[in-house]
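**Q** Work the whole structure out from these sequences, hints included.
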Amino acid sequence: MKKNILIVLTFTLFTMLSCSVKYSFTGGSTGDAKTIQIDFFPNNATLVEPIVSQKFTRELQDRFLRQTSLDLVTNDGDLRFEGEITEYRIIPISATADQTAAQNRLTVGVRVRFFNKQVPDDDFEKTFTFFSDFDANAQLTGSLLEDALTEIFERITQDIYNASVAKW
Numbered sequence: 000m001k002k003n004i005l006i007v008l009t010f011t012l013f014t015m016l017s018c019s020v021k022y023s024f025t026g027g028s029t030g031d032a033k034t035i036q037i038d039f040f041p042n043n044a045t046l047v048e049p050i051v052s053q054k055f056t057r058e059l060q061d062r063f064l065r066q067t068s069l070d071l072v073t074n075d076g077d078l079r080f081e082g083e084i085t086e087y088r089i090i091p092i093s094a095t096a097d098q099t100a101a102q103n104r105l106t107v108g109v110r111v112r113f114f115n116k117q118v119p120d121d122d123f124e125k126t127f128t129f130f131s132d133f134d135a136n137a138q139l140t141g142s143l144l145e146d147a148l149t150e151i152f153e154r155i156t157q158d159i160y161n162a163s164v165a166k167w
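Under numbering that gives the first Met the number 0, the residue at position 73 of the sequence shown is numbered 72, and the numbers go up by one with no gaps.
These aren't lab readings, by the way, just hints derived from the structure by calculation.
One thing to keep in mind: the hints can contain errors.
[What the hints assert, rightly or not] No farther apart than 27 angstroms at their CA atoms in a straight line, the calculated lysine-lysine pairs in the DSS-like style are these:
#, residue 1, residue 2
1, LYS166, LYS33
2, LYS125, LYS166
3, LYS125, LYS54
4, LYS116, LYS166
5, LYS33, LYS125
6, LYS54, LYS166
7, LYS54, LYS33
8, LYS33, LYS116
[Unchecked claim] Have a look at the derived ranges for each label pair, beta carbon to beta carbon:
#, residue 1, residue 2, range
9, VAL47, SER68, 29 to 39 angstroms
10, GLY141, GLN117, 20 to 30 angstroms
11, GLN117, ALA137, 45 to 55 angstroms
12, ARG57, ALA162, 34 to 44 angstroms
13, ASP70, THR45, 31 to 41 angstroms
14, ASP31, PRO91, 42 to 52 angstroms
15, THR73, GLN102, 18 to 28 angstroms
16, PHE39, ALA101, 32 to 42 angstroms
17, ASP146, PRO41, 20 to 30 angstroms
18, SER93, GLU124, 30 to 40 angstroms
Using N, Cα and C, we set each Cβ at its ideal position, and we do this for glycine too.
**A** As structure tokens, then:
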């Protein structure tokens, strides 16, 4: 009995190690790619918040470095992302009895172009958006802005990861 279990475990391990497609524990497949290039995402939205471009670019790079074994390069990456921030807007979403805003919503949209050297059929251009709500009496600055952008970029970068390597 123990011998059969050992044989099954050995066979399973050998099968997993010999698989030619690289899978991560987060559900993504990077294929034969070894490098990733994530270009700077400029803020081309009508309303410009200075920290958005740098924070988003860094968050996207961090997402792929944490969830894959790819090396980040500045040019000629096997996988490449480019794009721009296309939307940064604040709108009221609920009102009080006095007909003033009770809550506002920050929405950020990012247009992404993805290129895969090994599998050009995986290339895409898509826009990803997400939002964060906050009290209308609060100023969207400092830690409130940081927290809102962290929440938004967490979702957008996960959606980009899913669309590019997780194929969701």
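**Q** Now tell me, hint by hint, if it's right for this structure.
**A** Hint check:
For a cut-off of 27 angstroms, the pair hint linking LYS166 to LYS33 stands: about 18 angstroms separates their Cα positions. With a C-alpha separation of about 14 angstroms, the suggested pair LYS125 and LYS166 falls inside the 27 angstroms cut-off, and the hint holds. For the suggested pair LYS125 and LYS54, the alpha carbons sit about 20 angstroms apart, so the restraint of at most 27 angstroms is met. Annotation: proposed proximity of LYS116 to LYS166 holds, straight-line Cα distance about 16 angstroms (limit 27 angstroms).
Note on LYS33 and LYS125: the hinted pairing holds, with a Cα-Cα distance of about 24 angstroms set against a maximum of 27 angstroms. The hinted pair formed by LYS54 and LYS166 meets the criterion: a straight-line CA distance of about 25 angstroms does not exceed 27 angstroms. The suggested pairing of LYS54 with LYS33 holds, with an alpha-carbon distance near 24 angstroms, which does not exceed 27 angstroms. Proposed proximity of LYS33 and LYS116 is supported: the alpha carbons are some 11 angstroms apart, at most 27 angstroms.
Distance hint for VAL47 and SER68: a CB-CB separation of about 35 angstroms, consistent with the stated range 29 to 39 angstroms. Checking the proposed 20 to 30 angstroms range against GLY141 and GLN117 shows it is violated: the Cβ atoms sit about 43 angstroms from each other. A beta carbon spacing of about 47 angstroms between GLN117 and ALA137 agrees with the range 45 to 55 angstroms that was offered as a hint. Between ARG57 and ALA162 the beta carbon distance is about 20 angstroms. The supplied range of 34 to 44 angstroms is therefore violated.
The hint said 31 to 41 angstroms for the Cβ distance between ASP70 and THR45, and at roughly 36 angstroms that hint holds. Separated by about 49 angstroms at the C-beta atoms, ASP31 and PRO91 satisfy the suggested range of 42 to 52 angstroms. The hinted window of 18 to 28 angstroms between THR73 and GLN102 is violated, with their beta carbons roughly 41 angstroms apart. Here the CB-CB span from PHE39 to ALA101 is close to 37 angstroms, well matched to the stated 32 to 42 angstroms.
The hinted range of 20 to 30 angstroms is satisfied by ASP146 and PRO41, whose Cβ atoms lie roughly 23 angstroms apart. Range check, SER93 to GLU124: Cβ separation about 34 angstroms, and the 30 to 40 angstroms hint holds.
Hints 10, 12, 15, counting from the list given before, are not met by this structure.
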